[in-house]
Amino acid sequence: MSKKQASKSDKVSRRDFATTSVAAVALPALLASEIAASEQVDSAAAEQEAPAGKGKKKKYPSGWKEGTTIPAEYYLDPMHYQRDEAYLADNLWFMVDHESRIPKAGDYFTFEYGRGENIIIIRDKKGKVNAFHNVCRHRGSRLCRDSDDPRPERKNLSVLQLGASGNTQIFRCPYHGWTYDLEGNLTKAYKMRDGFDLSKNGLLPCHLRVEGGHIFVNLSNEEQPPDFEEDTRAFRRMAKKYGFADLKVGAREQHPIKANWKFVLENFLECYHCGPSHTCLVTAHNWDERLSGEEENYQTKEVEEWIGGETYAASGQLNPGFLTGSLDGKPIAPLLPNIKTWSHRTADVTTGWSTGYWQAYDDHIVVVRFTPRDAELTDAEVLWLVHPDAVAGKDFDVENLKELWKVTLIEDIWIVENNHLGVMSRGYGPGRYSESEIDYTTDFIKWYMAEVAEG
Amino acid sequence: MSKKQASKSDKVSRRDFATTSVAAVALPALLASEIAASEQVDSAAAEQEAPAGKGKKKKYPSGWKEGTTIPAEYYLDPMHYQRDEAYLADNLWFMVDHESRIPKAGDYFTFEYGRGENIIIIRDKKGKVNAFHNVCRHRGSRLCRDSDDPRPERKNLSVLQLGASGNTQIFRCPYHGWTYDLEGNLTKAYKMRDGFDLSKNGLLPCHLRVEGGHIFVNLSNEEQPPDFEEDTRAFRRMAKKYGFADLKVGAREQHPIKANWKFVLENFLECYHCGPSHTCLVTAHNWDERLSGEEENYQTKEVEEWIGGETYAASGQLNPGFLTGSLDGKPIAPLLPNIKTWSHRTADVTTGWSTGYWQAYDDHIVVVRFTPRDAELTDAEVLWLVHPDAVAGKDFDVENLKELWKVTLIEDIWIVENNHLGVMSRGYGPGRYSESEIDYTTDFIKWYMAEVAEG
Amino acid sequence: MSKKQASKSDKVSRRDFATTSVAAVALPALLASEIAASEQVDSAAAEQEAPAGKGKKKKYPSGWKEGTTIPAEYYLDPMHYQRDEAYLADNLWFMVDHESRIPKAGDYFTFEYGRGENIIIIRDKKGKVNAFHNVCRHRGSRLCRDSDDPRPERKNLSVLQLGASGNTQIFRCPYHGWTYDLEGNLTKAYKMRDGFDLSKNGLLPCHLRVEGGHIFVNLSNEEQPPDFEEDTRAFRRMAKKYGFADLKVGAREQHPIKANWKFVLENFLECYHCGPSHTCLVTAHNWDERLSGEEENYQTKEVEEWIGGETYAASGQLNPGFLTGSLDGKPIAPLLPNIKTWSHRTADVTTGWSTGYWQAYDDHIVVVRFTPRDAELTDAEVLWLVHPDAVAGKDFDVENLKELWKVTLIEDIWIVENNHLGVMSRGYGPGRYSESEIDYTTDFIKWYMAEVAEG
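One line per chain: the protein sequences are A, B and C, in this order. Residue numbers for the first sequence, in the working numbering: 1 to 455. Residue numbers for the second sequence, in the working numbering: 1 to 455. Residue numbers for the third sequence, in the working numbering: 1 to 455.
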């Protein structure tokens with residue numbers, strides 16, 4: 001990941017959540033006035049996004065110009081996807097889950113990436129979390145099944161194979177019985193000829209980091225993984241403030257999205273669409289496109305003071321009447337251990353393109369990961385973290401906890417899949433990003449074009 | 001489209017519908033005698049379709065010889081399909097529907113073509129019909145959903161998006177609320193930086209013509225569309241005689257066909273298969289393979305006199321006892337306004353390869369379009385036009401109206417899909433077209449090879 | 001097929017079925033001792049499978065080394081599959097069924113191979129079995145439908161087409177009524193122009209052999225098919241001993257396997273996985289991985305004497321208490337005509353890679369074919385042959401007859417599909433085959449790399 005991108009992750013990704021409420025129902029009427037307002041944008045900014053001119057060299061072989069959307073082939077062509085998949089595997093740290101998913105020795109789950117990657121995340125007997133490719137070193141079988149691949153049901157079947165998650169003390173290949181321990185060591189492989197070295201045939205490990213209660217993996221086969229520190233600085237500060245490491249998963253949702261991963265990220269990195277597409281979210285969050293630059297700066301500063309860190313990620317205040325990210329503003333879980341009173345605020349942070357996103361409220365944390373699976377398929381998983389002592393059905397209602405962001409996610413899936421469909425047309429051409437999309441979405445796209453697609 | 005092809009469309013496409021009835025049940029017995037008859041075909045014709053010889057240059061790079069079926073790769077290879085799709089989009093006028101589908105200002109529907117094209121057909125406030133790519137100029141989202149892409153159902157969802165058809169006074173993008181009027185002008189796009197010109201960001205229009213009550217579009221991005229007049233001359237004459245523009249759609253059917261579009265057209269352009277495959281159709285229509293050339297000429301002349309035009313498209317008489325294209329020969333709708341008495345005849349016309357086909361009876365018109373969607377997928381849509389004052393359930397029964405051509409269509413889908421499957425075998429090789437397939441099917445294939453595939 | 005491979009087929013493919021029983025439940029405990037035992041394997045053998053060194057030239061362009069599993073691309077890349085499919089079609093004899101399936105003149109069925117091949121197997125009026133491509137010589141339609149392609153059901157449909165199996169006296173194309181007799185001669189094709197020669201437009205035949213009651217086809221378009229004799233020598237000897245030609249099919253099962261065909265064969269050619277994966281099978285069969293080389297040789301010799309042929313295929317004794325391949329060891333059908341007493345033995349034979357496998361018991365024969373269908377799809381079909389006079393429901397119970405090998409097949413499908421999934425990961429790399437996989441599986445892979453993939 002480029003240094004530039006990494007430093008971006010220190011800022012808010014949806015900074016447009018601001019001080020005054022905008023009821024989404026009033027939007028159509030507002031839009032006309034917004035257009036008028038947009039005429040006053042300073043021309044320097046406009047120049048910045050103008051087509052390359054005056055002696056500037058053509059920067060991108062494809063002829064793509066910054067400030068505009070990218071050619072359709074980058075979203076649609078399987079060759080580009082193949083390249084993307086390999087680049088992200090080599091260069092990103094993927095946030096895969098909260099550590100509380102595997103509290104005991106032998107607890108494990110699998111993480112699916114791309115078209116064929118499947119990673120076992122396991123806690124060993126020393127309490128350490130390990131990550132291994134779910135691939136037997138003998139002939140390549142999967143040791144654990146995955147969620148799309150259920151075990152056949154029939155009397156008399158004798159194959160023994162672990163499921164996509166559970167608890168185990170060994171990994172025994174269902175095929176020929178090669179057996180590995182929780183640290184990935186091959187402990188049994190019978191009838192191997194002389195010269196076969198058990199110690200050289202352990203499970204292939206992935207790079208792994210556990211930080212702020214979350215598990216991150218990198219799938220590079222290089223000995224030295226990419227830098228972890230810079231991309232996670234803001235995350236680590238927020239993790240500390242909200243005590244991420246002590247929380248537990250109160251609910252989770254998984255949704256396949258029939259769209260290229262870049263549409264998903266372009267969407268998640270801007271809030272220009274929040275008014276038109278997320279009535280519930282903008283009813284809770286404070287979202288105002290009409291703020292002047294001065295007002296925005298004031299608000300950013302105020303939020304930073306509240307959070308207590310210069311470059312800390314932050315979103316801002318909730319709307320009047322809202323204590324948390326719920327449909328009606330009422331609390332949906334007990335206050336988190338580190339939070340003593342209702343702040344009427346929310347904050348968000350990301351660890352970089354396509355890895356993890358956190359939206360913090362006083363009583364819960366929403367954690368989102370988007371994982372590319374194919375040119376036209378991206379997995380979305382959302383976790384809701386709550387107080388470690390909170391009991392589902394007693395201290396919080398699972399459906400109530402999930403509702404706001406589940407609705408928001410379904411809305412995003414709708415518009416993102418629809419975006420993918422539209423771009424398949426010969427009527428699609430480079431469009432121009434709005435002022436509200438400049439920073440996060442455009443930086444993502446610049447990074448993509450410079451580092452991934454044409455790097 | 002080549003001039004040659006265009007002039008062909010002035011003739012009947014299924015001229016084999018002739019004077020004497022052949023009950024399909026008697027076919028097996030007849031076939032032997034047909035074979036005997038086929039021995040008398042003049043040898044000049046045979047020479048014409050013989051493999052290229054005597055100093056003739058190899059005309060087609062693939063080595064394909066006229067009069068024989070084409071190599072399997074043209075049907076099966078996705079690269080060929082990609083080329084076909086682009087060529088047809090650039091060069092054909094697609095008949096998309098009858099104008100009566102959108103009588104009022106704001107009425108619209110979408111037309112799907114190929115793997116990604118989606119066109120909005122809308123009547124504006126001045127009563128004019130417009131066609132636009134269903135693609136927002138901002139980031140490429142679809143403004144309207146399509147028929148395969150239903151709206152998610154869930155409480156609290158706030159995304160606003162138009163369906164695949166309906167009535168609207170604006171097109172508002174579901175993603176970021178960019179808004180267009182019915183003439184495609186962008187009227188709202190807020191937070192755009194200085195220098196953004198609303199007037200340059202309207203919806204991308206498609207070439208459109210409304211003729212004889214039918215709407216035609218061409219998807220070329222060139223300013224100048226291909227010629228419209230020549231291909232539609234016969235259609236316009238028939239449209240006038242039957243008063244197409246004043247009719248209304250009494251029923252419609254849509255069927256996906258799992259076959260390459262060329263199999264579908266090769267089928268529709270000949271009636272050699274009518275005896276073996278279409279018992280109901282040949283029971284109604286007058287289909288006789290046993291006519292001599294002299295008899296055929298006589299019949300063609302008689303039909304031309306009846307229709308009143310030298311090169312008018314025509315099929316001929318219906319069988320004794322049949323007043324119209326129904327299963328039992330009885331009327332299935334009120335006489336059309338322009339038709340005063342039962343003529344016992346039927347006529348057909350086409351506007352060119354893969355665009356539109358009309359089969360006219362005294363009480364209704366059958367309209368067919370075939371639209372390529374993928375290498376192995378073609379859409380079929382059939383409209384049944386009736387008297388504008390006829391009321392469904394009172395003046396006509398919808399199922400009864402559809403039955404003859406619905407059965408015929410399902411039979412065609414069967415044999416066409418089966419043809420596609422067979423050609424996937426290494427046992428397939430160039431076959432020789434019969435005398436009955438020469439003209440329309442062979443001209444189509446010649447046009448395809450010369451203009452589309454190897455042009 | 002290489003000579004080397006052919007001679008291999010004279011040996012048993014699962015010779016690991018040996019003298020002493022190993023209850024699968026005891027396996028985990030045994031595995032550790034097996035590993036210890038494996039240390040004594042002679043180093044010469046180890047050297048044989050060691051990476052190419054000392055002046056040896058790089059034998060395979062891909063850098064693959066014998067004794068290790070092959071690179072993932074050979075299993076996954078559609079280009080490789082396309083090459084495999086063509087090679088096998090040209091060079092192998094596929095066992096397609098037992099002759100008793102089509103006892104009477106006009107009885108036929110279809111055999112599907114690869115992505116598009118479909119072969120009609122028909123007994124003609126002289127009692128001869130013929131094989132033809134299921135492709136009309138006119139425009140390439142299928143004459144008979146296949147099992148995945150059922151006939152549409154609707155009143156009034158008139159298309160006439162044969163199903164995937166049945167009895168017929170003619171093949172009449174459903175499209176234009178071209179008609180062929182049971183010897184493939186075109187007998188009717190009407191309206192063909194002068195110069196069309198019926199006798200040159202018969203159905204395209206496939207190479208066919210009927211041997212030991214089984215039907216074999218080769219799909220090469222060459223006039224001269226590959227050699228049949230060498231690959232079938234062992235099969236013919238076993239067919240004679242057990243009287244294959246006189247038996248009948250008592251039951252059959254078809255299962256699609258979502259895995260590349262090479263995974264399926266690698267699995268079927270070794271019994272290293274039998275302990276971990278096939279409890280029922282190793283409970284019946286005598287499977288002992290702990291035999292010394294000397295003991296194995298003794299056993300092989302003993303079995304050869306029993307069978308009565310020097311290179312005869314053989315598996316060995318059944319476990320104590322087992323008379324046949326059933327779950328409980330009890331007979332599941334009447335003794336076969338050629339077998340007079342219970343031998344407590346079982347024997348197996350193959351006719352070469354990917355064609356046919358036979359496992360013989362005293363009261364029934366299990367026949368297996370694996371047929372490549374696509375890069376990630378392989379058909380499995382199993383026949384159970386029984387005494388020709390045995391009556392289902394009276395002399396044998398169909399479910400009971402099938403149970404042991406049906407369970408074994410489902411277990412194999414499970415582990416084989418799982419192997420395919422695992423190899424899609426970047427964590428897969430060349431693994432080393434065990435001693436128990438060396439001979440059949442490794443010879444298959446060597447043949448594949450030398451003859452098919454890089455030949």
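Simulated from the structure, these hints should not be mistaken for laboratory data. Any given hint could be a false lead.
Which copy? The list can't say, so a pair holds if one copy fits it or any two copies do.
Below, computed lysine-lysine pairings styled on DSBU-like, alpha-carbon distance capped at 35 Å [said to hold, decoys possible]: (1) Lys65 <-> Lys104; (2) Lys330 <-> Lys155; (3) Lys59 <-> Lys104; (4) Lys188 <-> Lys59; (5) Lys188 <-> Lys258; (6) Lys258 <-> Lys200.
These are the hints, each one checked on the structure:
no. : hint              : verdict
1   : Lys65 <-> Lys104  : neither (51 Å within a copy, 42 Å between copies)
2   : Lys330 <-> Lys155 : between (51 Å within a copy, 19 Å between copies)
3   : Lys59 <-> Lys104  : neither (52 Å within a copy, 49 Å between copies)
4   : Lys188 <-> Lys59  : between (55 Å within a copy, 32 Å between copies)
5   : Lys188 <-> Lys258 : between (42 Å within a copy, 29 Å between copies)
6   : Lys258 <-> Lys200 : between (40 Å within a copy, 31 Å between copies)
Of the numbered hints stated above, those contradicted by the structure are hints 1 and 3, listed in ascending order.
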